[in-house]
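Trainee: Starting from the known structure of chain V, fit chain X onto it as the hints suggest.
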Amino acid sequence: MSEREHLVRGVDHAAFPTFDPAGTVQFYRDVLGFPVVHSICAAGWGPEDHPDFVHFFFDIGNDDRVAFFYYFGLPAPDVAVGKGDVYARFSDDTPEYFVRSRHLAIHVDSEEHLLEYRRRLDASAWPVRMQIRHETIESIYTHDPNGYLVEITRALRPVMPQEDLDANLTVEALVDIVGRPHHTLDDLLVRKAELIVERAEAWQDAQPAQDAREPVNAPQGSESP
Amino acid sequence: MYVLDVPENTGVAEVAARDATVKVLRRGPYVVLESDDPIVVDRRATGSRHAVWYSCVAALEGCRITQWDKDALRAEAR
Numbered sequence: 001m002s003e004r005e006h007l008v009r010g011v012d013h014a015a016f017p018t019f020d021p022a023g024t025v026q027f028y029r030d031v032l033g034f035p036v037v038h039s040i041c042a043a044g045w046g047p048e049d050h051p052d053f054v055h056f057f058f059d060i061g062n063d064d065r066v067a068f069f070y071y072f073g074l075p076a077p078d079v080a081v082g083k084g085d086v087y088a089r090f091s092d093d094t095p096e097y098f099v100r101s102r103h104l105a106i107h108v109d110s111e112e113h114l115l116e117y118r119r120r121l122d123a124s125a126w127p128v129r130m131q132i133r134h135e136t137i138e139s140i141y142t143h144d145p146n147g148y149l150v151e152i153t154r155a156l157r158p159v160m161p162q163e164d165l166d167a168n169l170t171v172e173a174l175v176d177i178v179g180r181p182h183h184t185l186d187d188l189l190v191r192k193a194e195l196i197v198e199r200a201e202a203w204q205d206a207q208p209a210q211d212a213r214e215p216v217n218a219p220q221g222s223e224s225p
Numbered sequence: 001m002y003v004l005d006v007p008e009n010t011g012v013a014e015v016a017a018r019d020a021t022v023k024v025l026r027r028g029p030y031v032v033l034e035s036d037d038p039i040v041v042d043r044r045a046t047g048s049r050h051a052v053w054y055s056c057v058a059a060l061e062g063c064r065i066t067q068w069d070k071d072a073l074r075a076e077a078r
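Chains V and X, in that order, are what the protein sequence lines are.
Per my numbering, the very first residue in the first sequence carries number 1; after that it's consecutive.
Per my numbering, the very first residue in the second sequence carries number 1; after that it's consecutive.
FYI, nobody ran anything at the bench for these hints, they're computed from the structure.
Any given hint could be a false lead.
So, partial list: chain V residues that the calculated Cβ filter (under 10 Å) puts toward chain X [to be verified]: (1) GLU135; (2) PRO161; (3) LEU185; (4) GLN204; (5) GLN207; (6) PRO208.
Example chain V residues on the side facing chain X (calculated, C-beta under 8 Å, incomplete) [as the list claims (entries may be wrong)]: (7) GLU96; (8) ARG133; (9) HIS134; (10) THR136; (11) MET160; (12) GLU163; (13) ASP186; (14) LEU189; (15) VAL190; (16) LYS192; (17) GLU198.
If you want the ones that stay clear, here's a sample from chain X, every Cβ over 12 Å from chain V, calculated [said to hold, decoys possible]: (18) VAL15; (19) ARG26; (20) ASP36; (21) ALA45; (22) ASP71.
Positions of the beta carbon are idealized from the N, C-alpha and C atoms, including for glycine.
If we strip away everything but chain V, and leave its shape as in the complex, we get (with noise of 0.2 Å):
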């Protein structure tokens, strides 16, 4: 076996803890189809503090899967004031793009699939909320009962070789500034161009004969809010 061999194979399950086991069970069970693969009832779980809980899977495809926890009789959060779900609350004045920042993105192959999810979604009562054409993705949003932010998103196009050279570059650019007092974007660019310089064109010609700049058709569309 070779060091650092890659060798994972996805996601074994996501968890995440619920207060409302039958709008779970609605909203990935009987709106979006997800099969329930897998549960667990548990008499606590050793300590004598630690509640009952009903562990339960549901199949997001690939063999991965999203999970949740019940705990009977913990006290649910107060929804009613502030941001975010019933895991992680925030303050009013916590600006939206922080709270949205961790979510779940489901893979779906096509448009056409991606359409059959928003048409489920906004038959139910969790209707998408944003339909957006990021770079080089589409996805569908909405939030499940329990706040969660869900995306469901398809490729636009394959990813193109060049694009895990640039991600590569830019992470290590991130990597090198991130110690630096108040870094910018400016300071990413920058130490990206010296890698640039270092490592774009060895890279280029380590490629196979295959032209990695040859163009592909891009779909055109219009761009959601």
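Mentor: Frame of chain V, contents of chain X only:
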């Protein structure tokens, strides 16, 4: 100013290159827009959607961005 050569960024590079003072070079998979004068890109002329527009610059060498809003992108000598 470096722009990664992907289909979404084509409009940005093309609009920048309309200015005769801007030289278009390449370094690996990046388009390099080079000029002694400020480089100005009109957003509407590029046809770039929001997310593409605000992420189209890959790197800066010898210049800094002095405007990057809904109207234009402007880079000037540092």
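Trainee: Next item in the hint list is LEU189(V). Is there a CB on chain X closer than 8 Å to its CB?
Mentor: Holds - the Cβ of LEU189(V) comes within 8 Å of chain X, reaching about 4 Å at its closest.
Trainee: Regarding the hint that ARG133(V) lies at the interface with chain X, is the smallest CB-CB distance below 8 Å?
Mentor: Where the cut-off is 8 Å and the nearest Cβ of chain X is about 6 Å from ARG133(V), the hint holds.
Trainee: Closer than 10 Å between Cβ atoms is the bar; does GLN204(V) clear it against chain X? Give me holds or violated.
Mentor: Holds: closest Cβ of chain X sits about 4 Å from GLN204(V), inside 10 Å.
Trainee: Would the hint on THR136(V) be counted as holding, given a Cβ-Cβ threshold of 8 Å to chain X?
Mentor: Given a least distance of 7 Å, the restraint on THR136(V) holds.
Trainee: Interface hint check: LYS192(V), Cβ to nearest Cβ on chain X, cutoff 8 Å. Holds or violated?
Mentor: holds (4 Å)
Trainee: Is it the case that VAL15(X) keeps its Cβ farther than 12 Å from each residue Cβ in chain V?
Mentor: Its Cβ never comes within 12 Å of chain V, the nearest being 16 Å, so this holds.
Trainee: Taking the closest Cβ pair, is GLU163(V) under 8 Å from chain X?
Mentor: With a minimum Cβ separation of about 6 Å from chain X (threshold 8 Å), the hint on GLU163(V) holds.
Trainee: Measuring from the C-beta of LEU185(V) to each C-beta in chain X, is the shortest one below 10 Å?
Mentor: holds (8 Å)
Trainee: May I ask you to check that ARG26(X) keeps its beta-carbon over 12 Å from the closest beta-carbon of chain V?
Mentor: violated (8 Å)
Trainee: Report holds or violated for the interface hint on HIS134(V), using the least CB-CB distance to chain X and a cut-off of 8 Å.
Mentor: Given a least distance of 4 Å, the restraint on HIS134(V) holds.
Trainee: Identify whether the interface hint at GLN207(V) stands, where standing means a beta carbon of chain X within less than 10 Å of its own.
Mentor: holds (8 Å)
Trainee: Please verify that hint: GLU198(V), Cβ, nearest Cβ of chain X, below 8 Å or not.
Mentor: At about 10 Å, which exceeds the 8 Å cut-off, the nearest Cβ of chain X leaves the hint on GLU198(V) violated.
Checked against the numbered hints listed earlier, the structure breaks hints 6, 7, 17 and 19; every other hint is satisfied.
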